[in-house]
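The primary structure of each chain is shown beneath.
2 protein chains.
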Amino acid sequence: MNRTALINLIYSKKSFLCIGLDTDLAKIPPHLLKFDDPVFEFNKAIIDATHELAVAYKPNFAFYESNGTRGWNSLTKTIQYINTAYPEKLFTIADAKRGDIGNTSQQYARAMFDEASSGMSFDAVTVAPYMGEDSVKPFLAYPGKWIIVLALTSNKGAADFQFFANDNHRLFEQVLIKSRQWGTKENMMYVVGATQAVMLSDIRKVIPDHFLLIPGVGAQGGSLDEVAKYGLTHECGLIVNSSRNIIYASNGADFAEKAREEAMKMQQEMAKLLATPR
Amino acid sequence: MNRTALINLIYSKKSFLCIGLDTDLAKIPPHLLKFDDPVFEFNKAIIDATHELAVAYKPNFAFYESNGTRGWNSLTKTIQYINTAYPEKLFTIADAKRGDIGNTSQQYARAMFDEASSGMSFDAVTVAPYMGEDSVKPFLAYPGKWIIVLALTSNKGAADFQFFANDNHRLFEQVLIKSRQWGTKENMMYVVGATQAVMLSDIRKVIPDHFLLIPGVGAQGGSLDEVAKYGLTHECGLIVNSSRNIIYASNGADFAEKAREEAMKMQQEMAKLLATPR
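Protein chains in written order, with the numbering used here: chain D, 1 to 278; chain X, 279 to 556.
To be clear, the hints were calculated from the coordinates, so they are not data collected in a lab. Mixed in with the good hints there might be a few duds.
Stated by the list, open to error - List time: in silico DSS-like cross-link candidates among lysine-lysine, alpha-carbon distance up to 25 Å: (1) Lys-77(D) to Lys-456(X); (2) Lys-77(D) to Lys-34(D); (3) Lys-137(D) to Lys-305(X); (4) Lys-156(D) to Lys-423(X); (5) Lys-456(X) to Lys-156(D); (6) Lys-156(D) to Lys-415(X); (7) Lys-137(D) to Lys-434(X); (8) Lys-178(D) to Lys-305(X).
Using the sequences plus the hints, can you model the full thing?
Pasting the structure below:
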């Protein structure tokens with residue numbers, strides 16, 4: 001999905017909500033455990049109940065890999081389901097935090113983007129910047145696909161290295177400054193944690209137009225209003241993720257309905273924010 | 279496998295060789311393609327031919343993920359085969375470069391270490407440090423398991439951020455200084471590329487005793503003698519990886535035999551280096 005299509009989707013749905021599919025067998029409603037693939041059944045029900053309210057879905061790879069081959073199969077079925085049931089209607093993010101030397105990142109890119117090879121075709125993948133340009137470039141070789149580079153994350157450990165600074169700037173700013181040359185605002189986004197909302201004005205000075213993927217609203221304590229205040233642009237420029245607050249809103253038979261209610265609360269807040277002139 | 283057992287293995291085999299299983303369907307001998315699982319057949323033959331010469335194997339996850347669920351299954355069979363056929367005789371490294379917020383790294387740790395959950399039990403996993411302490415700590419909750427933190431990598435892009443410096447030191451040194459407090463030399467190692475051999479003396483000042491995993495000898499241009507000169511300790515302290523030079527030594531029916539010959543060349547060099555007093 002290209003940038004124009006994504007922006008159109010956001011304004012037509014009046015939403016910049018991404019739903020994080022951090023699907024955990026230990027947390028999904030117990031009545032689903034009777035299915036052959038409870039994780040896929042859960043994801044499908046969540047997606048069907050919320051697809052009009054969200055612009056994006058973000059399966060978190062760790063939650064699938066912890067179930068081994070079976071989990072990888074649930075993941076594959078989930079992305080295939082989204083692409084088949086809602087073509088061009090949803091932006092999909094492989095939240096995998098990959099990055100390695102060039103010949104290896106090439107293989108990761110095939111995993112995320114090349115359906116003929118891996119069975120999976122996401123629109124975007126999250127990448128870790130530590131290994132630099134050649135670890136990220138192979139993902140940019142796929143036309144129409146995106147990378148989402150970790151810049152400033154939502155967790156406590158973000159302070160350990162991301163704020164490491166020389167006289168001019170901090171590491172996360174160095175990441176923005178260097179990496180914005182590797183691609184364009186048409187194929188690169190950045191991860192900035194919602195808990196770092198006040199830093200967004202500094203970040204917008206370096207990358208005024210790039211989309212930002214913002215995790216950390218809800219369970220991790222970030223505020224949507226704060227994020228919008230400092231991060232929203234005239235083309236939106238934000239995708240805000242919520243995982244646990246939505247997908248685990250209920251543990252009963254009504255889990256999908258309750259997830260829809262939580263998603264709608266966020267979508268309605270977002271509609272107001274998008275309607276506010278900037 | 280604990281540190282003492284690893285050191286004993288190194289001195290009994292007179293080898294600190296790790297063989298990287300970067301197994302690519304496009305590069306393995308064509309006669310294997312008739313098997314149901316050519317990747318596993320290839321890995322099994324390589325391991326059987328070289329297990330006396332290597333102390334470690336390092337499947338590179340990207341090469342399995344690019345084949346989707348099928349690839350993840352080949353990977354699972356490979357680690358299960360090593361653990362079953364050569365128990366306590368080989369150190370196993372999940373080369374996955376993982377790292378995310380705490381609740382997510384917990385799931386990655388289950389994927390790599392918890393066989394009951396994922397079907398896989400590696401001794402160690404490579405982790406990316408960018409997200410800091412809480413992204414790495416969940417992996418250290420498994421007794422007897424190791425993390426191998428990216429410090430200074432072998433690729434060109436290493437220069438983009440790893441050398442970002444304040445008045446006192448560079449980012450890769452900051453990573454060493456901070457992260458060495460998260461665990462001990464009993465459960466942490468570091469990745470240092472062979473192409474960075476001259477930096478090893480600086481690195482040894484910060485972490486004199488930790489094991490280092492050294493990729494980049496061979497195809498990437500690093501020299502084993504240089505690495506040993508600056509990095510070897512009185513307890514060895516090194517695991518040197520070679521992938522392409524060994525596993526793709528031949529593309530014919532003799533691939534495993536040729537891999538053994540290449541592995542033996544490296545093992546013999548290593549035996550000499552280990553016998554040199556330090």
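Now the hints, each set against the structure:
{"no.": "1", "hint": "Lys-77(D) to Lys-456(X)", "result": "40 Å, violated"}
{"no.": "2", "hint": "Lys-77(D) to Lys-34(D)", "result": "18 Å, holds"}
{"no.": "3", "hint": "Lys-137(D) to Lys-305(X)", "result": "22 Å, holds"}
{"no.": "4", "hint": "Lys-156(D) to Lys-423(X)", "result": "24 Å, holds"}
{"no.": "5", "hint": "Lys-456(X) to Lys-156(D)", "result": "14 Å, holds"}
{"no.": "6", "hint": "Lys-156(D) to Lys-415(X)", "result": "12 Å, holds"}
{"no.": "7", "hint": "Lys-137(D) to Lys-434(X)", "result": "12 Å, holds"}
{"no.": "8", "hint": "Lys-178(D) to Lys-305(X)", "result": "34 Å, violated"}
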